[in-house]
Structure formats: C-alpha cells, structure tokens
Amino acid sequence: MKRGIYASVGKLLPWLIPCSLLLLWQLVSMIGIISEKTLPAPTDIMEAAFRLLLNGELYTHMSISLWRALIGFLIGASIGFIFGLLNGVFRYSDLLFDTSIQMLRNIPHLALIPLVILWFGIGETSKIFLVALGVLFPVYINTYHGIKSVDKRLIEMGKSYGLKGNQLFFHVILPGALSSILVGIRFSLGVMWLTLIVAETISAQSGIGYMAMNAREFMQMDVIVLSILIYALFGKISDVIARFFEGKWLKWDT
Amino acid sequence: MTSLKQYGVDVRIDQLVKSYGKRPVLNGLDVNIQPGEFVAIVGKSGCGKSTLLRLLAGLEDYQEGSIILGGERLKGLNRKARIMFQDGRLLPWKRVLDNVSIGLAPEHREKAEEQLWQVGLADRKEDFPSRLSGGQKQRVALARALIHDPQLLLLDEPLGALDALTRLEMQELIEGLWQERMFTAILVTHDVEEAVAISDRVLLIEDGKISFNQQIPLPRPRKRTNPAFGMYVETILSQILKRENDFHMLLSERQLSFLDSVNN
Numbered sequence: 001m002k003r004g005i006y007a008s009v010g011k012l013l014p015w016l017i018p019c020s021l022l023l024l025w026q027l028v029s030m031i032g033i034i035s036e037k038t039l040p041a042p043t044d045i046m047e048a049a050f051r052l053l054l055n056g057e058l059y060t061h062m063s064i065s066l067w068r069a070l071i072g073f074l075i076g077a078s079i080g081f082i083f084g085l086l087n088g089v090f091r092y093s094d095l096l097f098d099t100s101i102q103m104l105r106n107i108p109h110l111a112l113i114p115l116v117i118l119w120f121g122i123g124e125t126s127k128i129f130l131v132a133l134g135v136l137f138p139v140y141i142n143t144y145h146g147i148k149s150v151d152k153r154l155i156e157m158g159k160s161y162g163l164k165g166n167q168l169f170f171h172v173i174l175p176g177a178l179s180s181i182l183v184g185i186r187f188s189l190g191v192m193w194l195t196l197i198v199a200e201t202i203s204a205q206s207g208i209g210y211m212a213m214n215a216r217e218f219m220q221m222d223v224i225v226l227s228i229l230i231y232a233l234f235g236k237i238s239d240v241i242a243r244f245f246e247g248k249w250l251k252w253d254t
Numbered sequence: 255m256t257s258l259k260q261y262g263v264d265v266r267i268d269q270l271v272k273s274y275g276k277r278p279v280l281n282g283l284d285v286n287i288q289p290g291e292f293v294a295i296v297g298k299s300g301c302g303k304s305t306l307l308r309l310l311a312g313l314e315d316y317q318e319g320s321i322i323l324g325g326e327r328l329k330g331l332n333r334k335a336r337i338m339f340q341d342g343r344l345l346p347w348k349r350v351l352d353n354v355s356i357g358l359a360p361e362h363r364e365k366a367e368e369q370l371w372q373v374g375l376a377d378r379k380e381d382f383p384s385r386l387s388g389g390q391k392q393r394v395a396l397a398r399a400l401i402h403d404p405q406l407l408l409l410d411e412p413l414g415a416l417d418a419l420t421r422l423e424m425q426e427l428i429e430g431l432w433q434e435r436m437f438t439a440i441l442v443t444h445d446v447e448e449a450v451a452i453s454d455r456v457l458l459i460e461d462g463k464i465s466f467n468q469q470i471p472l473p474r475p476r477k478r479t480n481p482a483f484g485m486y487v488e489t490i491l492s493q494i495l496k497r498e499n500d501f502h503m504l505l506s507e508r509q510l511s512f513l514d515s516v517n518n
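Heads up: the sequence lines are chains A and B, in that order. Note that our numbering numbers the first sequence so that position 195 is 195, with each residue one more than the last. Each position in the second sequence, counted from 1, maps to that position plus 254 in our numbering.
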C-alpha cells in the first residue's frame, strides 16, 4: 500500500513544476498582469488550436512540416549512414572521402540558406536540401566513429571462429557500432527540427514556421505561441520514438 | 553432438621465430605434441606463451620455422583449432545460445543446445552475457569452442580471472570434456598448480625457447593432497625461479606475481 503511494508520487512529481507554471500563467493572464499582446493565456492558445484544427489549417501546415522533416531526414541520414559505413569499413573509401566530409562538416549548413534559395527557390527542394544536409553529418560522424571503435578483440574472435565478410559485418561490426549510430540519429533529429524551423520561418508558403510568420503579420500572438508549442511537441515525439528503438535494439546493454 | 569420438591432431613446431620489431619473442622454439595430449605451457609474463598460442591459432604470422598439424603446414587461420580467450570475448548483443552457435549454420541450433547442456548452462540459453557470472561466461566460451569439434583446443589463460572455487570446477569440466572427446589441448597458464592438475606435460618457455619439459604421469582424477603432486609443482616453480634467485623455496602464486611485479 505504502509502496503504491511512493510509486505514484514518483510519477507525479516531475509534472508538479510544469503544471504549477501553467496555472500561474493562466492566473496572471486572467488578472491582467501580462497583457494579451505580450503573451496570451493558455486557454487562448487552446482556443486558437481548436479554431485552426476545425478549419483544417493546422492539419495542412503540420503535415507539410512533418513531410519535409521526414523526407529530409531520410535522405540525409541515409547518405550519412552509407558513407559512415563505407569509410569505417574500407580503408580506401576512408582515405578518399573522410577528409572532404570533415571539411564540409565545418560549414554551418544554415549559412547556406541564401545560396540555397538562389539555387532552388523557396519551394520544397530548398527545405529538404537543408534538412538533409544538417542531418547528414551527425549520422556520418557517429556511424564512422562507432564502426572504428568496435572492440578489435571481438572482431578477432569472429574471424577465428570462421566469420568473414557479410557475416562478420552483421554479427559483430554493425551491432557493435549500433549504440553510437543511434546516438547520432537522436542528435540529428534535433538538428532536423532546428533546420526546418529556420528554413520555414525565412522562406516558405506553408508549414508551421510559415504559420508563425504569417500570424506575426496579423499580430496573432496565440497562433505564434501555438506554433512554438507544436515544434516542442514534434521534438519530444521524435525523441520518444528514438528512445523506443534504443530500448528495443540495445536490450543487451543493461 | 557427434557420438563418434574425435581424435586430436599432432602438432610439430620447428625452429619457430616470432619477433615484434627487432625484439624476438620466440627464438627457435621446438616442440612436438602427440595427438590427444594435454600440454600446459607456463612461464613468466611476457615470455611469449600467449604469442605461441596465437601463432597456433593462425591469428598472427611468424617469421621463421614451421608449424605442422597432422602433416599439414599451418597457413592462415587454423581451421582445426579453436581458441578460448582469457577475456571470454562473448558478443554482448547475442543471447547465450546465439553466442554458442556463432559461425554455425542455423540448422545446428540443436547441437548448440546440447553443447550448452554439456557445460551445465542449458537453462541460461536465452540470457544475455551481461547477466552471467565470470565462470558462466567462460563456460559459454568453452561450449562455443567445442561445438566446432576442434582437433586442437587452445586455452589462453581462460581461468585466469576466475575465483579459486570456480576455477577448480572449470578445470574439472575441461578435463572431463577432453577425456571424452580426446582432442589435443594446449593450455597457457601462469598457475603452476593448475598446469600440474590438468596436463600430461608441462612446458616452460624462457628466452623464446622451451627450457624445461616435465611429464606429469599422475593418475586421474588427480588429488592435490598427493605428495607427488606437490613435488611436481615445486620442481616446476623452482625451474621458473632458478635463473634469478638461488632460493629454491616453494612460492605461492601470489608471491610469484609479486616477484613479477617487482622485476618489471
């Protein structure tokens, strides 16, 4: 009985501060200490969310943002993963590509926005390109490093027990690098949302970032705050998904 | 499991030379090992005993001389041999049964289960290695080595990191499986008592060569309380220590490793 109480306290306690802050926020907004033009009350934001949900605007913007994030991520992560694998496993590939990739990595990808707009315009290509570019490097670095740091003694064991080529790769090298690869993926998910926010805010005609910028023109504070909250929600969800796969694939690491 | 008894391979090593850079580790080493013989190799740390084992496994190349197994010169990885490492080297991301069946076709899983049963771990087949104790990990490593029915089993201080009681259990297990299957076995150890307890013959490596060769004709199972047992241990220990010290005392393993650390 007592243990049950402790367990529910453990579950509830982390939410105490966020919930109190929310209540406080609502309270000061209602009293009028903070004006609606500085920060709208939580209930106003929820109202805006319902309004946009009902007229379908929220769905359109959210789905286009998600789609950009997903496609950009898939392209960038695949390229980073493949190069990380190749350069981690094959010496000549490493010699040929690694130096160049390390040089490119040091260019902040958001600095390319003006160039990308001139190249691709403000259509989908430019946003997907930027997301892919941002995601590529963390995945590359962690895949490469993960493969390079697989325990050499395990590889030797595998070879002496008759594993070679594909078998050695799938039974020893890839599982050995997996935890580092997943760290890279989680990091790159953060980069993915960051890039998308910036790209959509600067140049877009749809998406959450555009919704926020558009709301600014009409001084719709509630919609602006809503957009920020939606980005936070997206970020949190992708992190939860990444953690789920970590738990699933790294079950042995406990 | 094969019901037929497997017979070990004979090993002939002639004038073996292995050096790292300019420093020779093995310098003209000769030894012949009979099929099915259990040989223990002792020597100070850094004397090259583990290197010899790695050469026998084909994990490294040597510069001169030859290693001949069953009439065939060893080239590249030794397919007749399986090596058991001191640190176990189980794959942490594979369950026990999958660790044992590594390098085997999937249809041999039954064989893997049977092998696990032989080392007494049938009920742990679904566990990850991180759940096992040090002794259990080495049992899995032993099962993994034996499932390939090697004609030569190489043991690179596999019991070095285990506590005394577990070590005795493992020695009995290895001895029993060796008697049953009759493979040739070469054990590298720093524990002279272990060498005398389990092997037919103890070899001492010094200056890159076999400097001392002691048959152990004691009947099995061997009792450590047997006075002859103590005699063999003492003889071998005094051989190891002869060079540097004149005291022919019987030294315990702890004193030995202390001396080692002082000398280094």
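Since the hints were made in silico from the structure, they are not lab data. Heads up, a few of these hints could be off.
Said to hold, decoys possible - Derived Cβ-Cβ restraints for the label pairs, each shown as a range: (1) B:N286 / A:F170: 51 to 61 Å; (2) A:L66 / B:K329: 49 to 59 Å; (3) A:L250 / B:A359: 24 to 34 Å; (4) B:E367 / A:G123: 39 to 49 Å; (5) B:E361 / A:Q205: 37 to 47 Å; (6) B:L419 / A:K152: 25 to 35 Å; (7) B:E380 / A:I228: 39 to 49 Å; (8) B:E380 / A:K152: 24 to 34 Å.
Unchecked claim - Some chain A residues near chain B, calculated using beta-carbon distances under 8 Å: (9) A41; (10) E156; (11) S160; (12) Y161; (13) G162.
Treat the numbers as computed from the prediction; the structure is a model and nothing was measured. Each residue gets a CB set at the ideal place from its N, CA and C atoms; glycine is no exception.
Cross-check of the supplied hints:
1. Our hint of 51 to 61 Å for N286 (chain B) and F170 (chain A) is violated, since their Cβ atoms are close to 41 Å apart.
2. Between L66 (chain A) and K329 (chain B) the beta carbon distance is about 58 Å. The supplied range of 49 to 59 Å therefore holds.
3. Distance hint check for L250 (chain A) and A359 (chain B): the Cβ-Cβ separation is about 27 Å, which falls inside the suggested range of 24 to 34 Å.
4. Between E367 (chain B) and G123 (chain A) the beta carbons are some 59 Å apart, a value that contradicts the proposed interval 39 to 49 Å.
5. Checked against the hint of 37 to 47 Å, the pair E361 (chain B) and Q205 (chain A) fails, with Cβ atoms roughly 59 Å apart.
6. Between L419 (chain B) and K152 (chain A) the Cβ separation comes to about 32 Å, which falls inside the hinted range of 25 to 35 Å.
7. E380 (chain B) and I228 (chain A) have their C-beta atoms about 47 Å apart, which keeps the hinted 39 to 49 Å range intact.
8. For E380 (chain B) and K152 (chain A), the hinted distance range of 24 to 34 Å is satisfied, since their beta carbons lie about 28 Å from each other.
9. Taking 8 Å as the C-beta cut-off, the interface hint given for A41 (chain A) is violated, the closest approach to chain B being about 51 Å.
10. At a threshold of 8 Å, the smallest CB-CB gap from E156 (chain A) to chain B is about 6 Å, leaving the interface hint in force.
11. The beta carbon of S160 (chain A) is positioned within 8 Å of a beta carbon in chain B (closest approach about 6 Å), and the interface hint is therefore held.
12. Because the smallest distance between the Cβ of Y161 (chain A) and any Cβ of chain B comes to about 4 Å, under 8 Å, the interface hint for this residue holds.
13. For the restraint placing G162 (chain A) at the interface with chain B, the shortest Cβ-Cβ distance is roughly 4 Å, inside the 8 Å limit, so the hint holds.
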